[in-house]
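Since the structure of chain A is already known, use the hints to place chain B on it.
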Amino acid sequence: MFKVEDLNNMHLDVLREVGNIGAGNAATALAKMIDKKIDMEVPIVKILDYGDIANTLGGEESVVAGIYFDVEGDITGNIMFLLDVNSSKTLTGMLMGREDYSKDLDEMDRSALQEVGNILSGSYISSLSSLTGLNLLLSIPSLCIDMAGAILSVPAIQFGYVSDKVLLIETKLKDGNDLVKANFFLIPNAETFSTLLNSLGVYD
Amino acid sequence: MQKIIKVGMADLKIVKYPEILTTLGLGSCVGIALYDKKIQLIGLAHIMLPDSRQIKNNANKAKFADTAINLLIEEMVKEGGNRSRFVAKIAGGAQMFSFGGNSDVMKIGFRNVVATKEILGDLKVPIIAEDTGGNYGRTIEVYSDTGGLLVKTIGHGIKEI
Numbered sequence: 392m393f394k395v396e397d398l399n400n401m402h403l404d405v406l407r408e409v410g411n412i413g414a415g416n417a418a419t420a421l422a423k424m425i426d427k428k429i430d431m432e433v434p435i436v437k438i439l440d441y442g443d444i445a446n447t448l449g450g451e452e453s454v455v456a457g458i459y460f461d462v463e464g465d466i467t468g469n470i471m472f473l474l475d476v477n478s479s480k481t482l483t484g485m486l487m488g489r490e491d492y493s494k495d496l497d498e499m500d501r502s503a504l505q506e507v508g509n510i511l512s513g514s515y516i517s518s519l520s521s522l523t524g525l526n527l528l529l530s531i532p533s534l535c536i537d538m539a540g541a542i543l544s545v546p547a548i549q550f551g552y553v554s555d556k557v558l559l560i561e562t563k564l565k566d567g568n569d570l571v572k573a574n575f576f577l578i579p580n581a582e583t584f585s586t587l588l589n590s591l592g593v594y595d
Numbered sequence: 514m515q516k517i518i519k520v521g522m523a524d525l526k527i528v529k530y531p532e533i534l535t536t537l538g539l540g541s542c543v544g545i546a547l548y549d550k551k552i553q554l555i556g557l558a559h560i561m562l563p564d565s566r567q568i569k570n571n572a573n574k575a576k577f578a579d580t581a582i583n584l585l586i587e588e589m590v591k592e593g594g595n596r597s598r599f600v601a602k603i604a605g606g607a608q609m610f611s612f613g614g615n616s617d618v619m620k621i622g623f624r625n626v627v628a629t630k631e632i633l634g635d636l637k638v639p640i641i642a643e644d645t646g647g648n649y650g651r652t653i654e655v656y657s658d659t660g661g662l663l664v665k666t667i668g669h670g671i672k673e674i
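Heads up: the sequence lines are chains A and B, in that order. Residue numbers for the first sequence, in our numbering: 392 to 595. Residue numbers for the second sequence, in our numbering: 514 to 674.
Derived by calculation from the structure, the hints in this document are not laboratory data. Where is the CB? At the ideal position from N, CA and C, for every residue including glycine. Each hint should be verified, as a subset may be incorrect.
What the hints assert, rightly or not - Pairs of lysine-lysine, DSBU-like flavour, derived with a Cα cap of 35 Å:
| no. | chain 1 | residue 1 | chain 2 | residue 2 |
| --- | --- | --- | --- | --- |
| 1 | B | K551 | B | K519 |
| 2 | A | K437 | B | K516 |
| 3 | A | K572 | B | K519 |
| 4 | A | K494 | A | K423 |
| 5 | B | K569 | B | K672 |
| 6 | A | K556 | B | K637 |
| 7 | B | K519 | A | K437 |
| 8 | B | K551 | A | K556 |
| 9 | B | K519 | A | K394 |
| 10 | A | K563 | B | K551 |
| 11 | A | K565 | A | K437 |
| 12 | B | K551 | B | K516 |
| 13 | B | K637 | A | K394 |
| 14 | B | K591 | A | K437 |
| 15 | A | K427 | A | K437 |
| 16 | A | K437 | B | K550 |
| 17 | B | K519 | B | K550 |
| 18 | B | K551 | B | K529 |
| 19 | A | K494 | B | K569 |
| 20 | A | K556 | B | K630 |
| 21 | A | K437 | B | K551 |
| 22 | B | K672 | A | K494 |
| 23 | A | K572 | A | K427 |
| 24 | B | K665 | B | K519 |
| 25 | B | K637 | B | K569 |
| 26 | A | K394 | A | K494 |
| 27 | B | K569 | B | K519 |
| 28 | B | K665 | A | K563 |
| 29 | A | K563 | A | K394 |
| 30 | A | K556 | B | K620 |
| 31 | A | K494 | B | K529 |
| 32 | A | K494 | B | K630 |
As the list claims (entries may be wrong) - Among chain A residues calculated to face chain B with C-beta under 7 Å, some are:
| no. | residue |
| --- | --- |
| 33 | E452 |
| 34 | Y492 |
| 35 | G540 |
| 36 | A541 |
| 37 | I548 |
| 38 | F550 |
Next comes chain A alone, as it looks inside the complex:
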């Protein structure tokens, strides 16, 4: 079985490419949804200590919206779609056709955010599924708007029993005007690394 620490550069390249294809599709879906150009950065595979996870998002106490999914099927893991609080307001504002993007999020906005997360994660997973030939299923989305530290502790805890490190495949998406910035994380379970890598023709 692969451990996070055992992954070599080739493995990381493959995982980065997984992120690239998945997030590329998600970016297209987002661009269609809000009818704006979406830029995507090259995905980063991060292997982090717990303490450093929240720092990737501007500190433990910064307020973010996290939409979280379980991935099941041939590989297991999680997907998290994260937006800082201003991006969430702007994104829902765009979707609702508002002029002013500063309004606090109401129930309608929250369910819109969940649905955005759902569509993006769905396109991420389905492209990953066709790339690898693996059967992948996505749970219903769950939304939480709170401190980054508290939200990111959830995937950290899921890894807690097997490792002191967490592997995240992170892709940043943003619209052309820099108003909506989102982070997309695929967090495969360490137990299914080999299934994922084997499906892409990489053997241990």
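Chain B in isolation, oriented as in the chain A frame:
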């Protein structure tokens, strides 16, 4: 001069008056604060999981409730604390995301709180205050002069327990 000392995730620290301990963004994790009033000594652990016995090689004692509490007591005794004087306050153990299913992982906050209480009970350390559960994150500060524990949240107010 009061210094605020940060305790990270899966981490624990011990300080004496006038220093303050803080841990940021507790979600399902639990912050366990111990206090020895007589010598104004405090300790704080930020645990992630209930039980270290579920894994073989536990490299990080502060990650699990059982090993973290034992280590915290040990370190406080080394600093001159007397375990018969220790009192505990705990905070955290929220469920950040809710799914329809009853996945174990989603209940981890609750299990962390239950384990923490059991272990403190076994070690005869009374829990004199707690702010646990809910579905929101908490940042806490622990004061070495009063033993007070301040809980800060996003949208659920600030309180001292």
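Hints and how they fare:
1. At roughly 23 Å between alpha-carbon atoms, B/K551 and B/K519 fall within 35 Å of each other, so this suggested pair holds.
2. For the hint pairing A/K437 with B/K516, the CA-to-CA distance comes to about 32 Å; that is within 35 Å, so the pair holds.
3. For the hint linking A/K572 to B/K519, the alpha-carbon distance of about 29 Å falls within 35 Å, and the restraint holds.
4. Only pairs whose Cα atoms come within 35 Å are accepted, and A/K494 paired with A/K423 is accepted, the gap being roughly 23 Å.
5. Among the hinted pairs, B/K569 with B/K672 is inconsistent with the structure: their alpha-carbon atoms are about 39 Å apart, more than 35 Å.
6. For the suggested pair A/K556 and B/K637, the alpha carbons sit about 34 Å apart, so the restraint of at most 35 Å is met.
7. Our distance criterion of 35 Å between C-alpha atoms is met by B/K519 and A/K437, whose separation comes to about 24 Å.
8. About 39 Å separates the Cα atoms of B/K551 and A/K556, which puts this hinted pair outside 35 Å; it is violated.
9. The hinted pair formed by B/K519 and A/K394 meets the criterion: a straight-line CA distance of about 30 Å does not exceed 35 Å.
10. In summary, the hint linking A/K563 to B/K551 is not supported, as the alpha carbons are separated by about 51 Å, beyond the 35 Å threshold.
11. As the CA atoms of A/K565 and A/K437 are separated by approximately 20 Å, the hinted pair is consistent with the 35 Å bound.
12. At roughly 20 Å between alpha-carbon atoms, B/K551 and B/K516 fall within 35 Å of each other, so this suggested pair holds.
13. Note on B/K637 and A/K394: the hinted pairing is violated, with a Cα-Cα distance of about 39 Å set against a maximum of 35 Å.
14. Proposed proximity of B/K591 and A/K437 is contradicted: the alpha carbons are some 38 Å apart, above 35 Å.
15. For the hint pairing A/K427 with A/K437, the CA-to-CA distance comes to about 28 Å; that is within 35 Å, so the pair holds.
16. As the CA atoms of A/K437 and B/K550 are separated by approximately 43 Å, the hinted pair breaks the 35 Å bound.
17. Taking the CA atoms of B/K519 and B/K550, the gap is about 21 Å. The hint holds against a cut of 35 Å.
18. Proximity of B/K551 to B/K529 is assessed by CA-CA distance (about 11 Å); at most 35 Å being required, the pair is judged to hold.
19. As the CA atoms of A/K494 and B/K569 are separated by approximately 50 Å, the hinted pair breaks the 35 Å bound.
20. At most 35 Å may separate the alpha-carbon atoms for a hinted pair to count; A/K556 and B/K630 meet this at roughly 27 Å.
21. Restraint check for A/K437 and B/K551: the C-alpha separation of about 46 Å exceeds 35 Å, so the hint is violated.
22. Restraint check for B/K672 and A/K494: satisfied, since their Cα atoms lie roughly 27 Å apart, inside the 35 Å limit.
23. At roughly 13 Å between alpha-carbon atoms, A/K572 and A/K427 fall within 35 Å of each other, so this suggested pair holds.
24. For the suggested pair B/K665 and B/K519, the alpha carbons sit about 15 Å apart, so the restraint of at most 35 Å is met.
25. With a C-alpha separation of about 27 Å, the suggested pairing of B/K637 with B/K569 holds against the 35 Å cut-off.
26. For the hint pairing A/K394 with A/K494, the CA-to-CA distance comes to about 45 Å; that exceeds 35 Å, so the pair is violated.
27. Of the pairs offered as hints, the one joining B/K569 and B/K519 holds, with about 29 Å between alpha carbons and a cut-off of 35 Å not exceeded.
28. Among the hinted pairs, B/K665 with A/K563 is consistent with the structure: their alpha-carbon atoms are about 30 Å apart, no more than 35 Å.
29. Annotation: proposed proximity of A/K563 to A/K394 holds, straight-line Cα distance about 25 Å (limit 35 Å).
30. For a cut-off of 35 Å, the pair hint linking A/K556 to B/K620 stands: about 21 Å separates their Cα positions.
31. With a C-alpha separation of about 45 Å, the suggested pair A/K494 and B/K529 falls outside the 35 Å cut-off, and the hint is violated.
32. With a C-alpha separation of about 41 Å, the suggested pair A/K494 and B/K630 falls outside the 35 Å cut-off, and the hint is violated.
33. Annotation: A/E452 was flagged as interfacial toward chain B, and the flag holds, the nearest CB pair being 5 Å apart, inside 7 Å.
34. About 20 Å separates the beta-carbon of A/Y492 from the nearest beta-carbon of chain B, more than 7 Å, and the hint is not met.
35. Taking 7 Å as the C-beta cut-off, the interface hint given for A/G540 holds, the closest approach to chain B being about 2 Å.
36. Below 7 Å, beta-carbon pairs count as interface contacts, and A/A541 has one with chain B at about 3 Å; its hint therefore holds.
37. For A/I548, the shortest C-beta to C-beta distance to chain B is roughly 5 Å, which falls under 7 Å, so the interface hint holds.
38. Because the smallest distance between the Cβ of A/F550 and any Cβ of chain B comes to about 10 Å, over 7 Å, the interface hint for this residue is violated.
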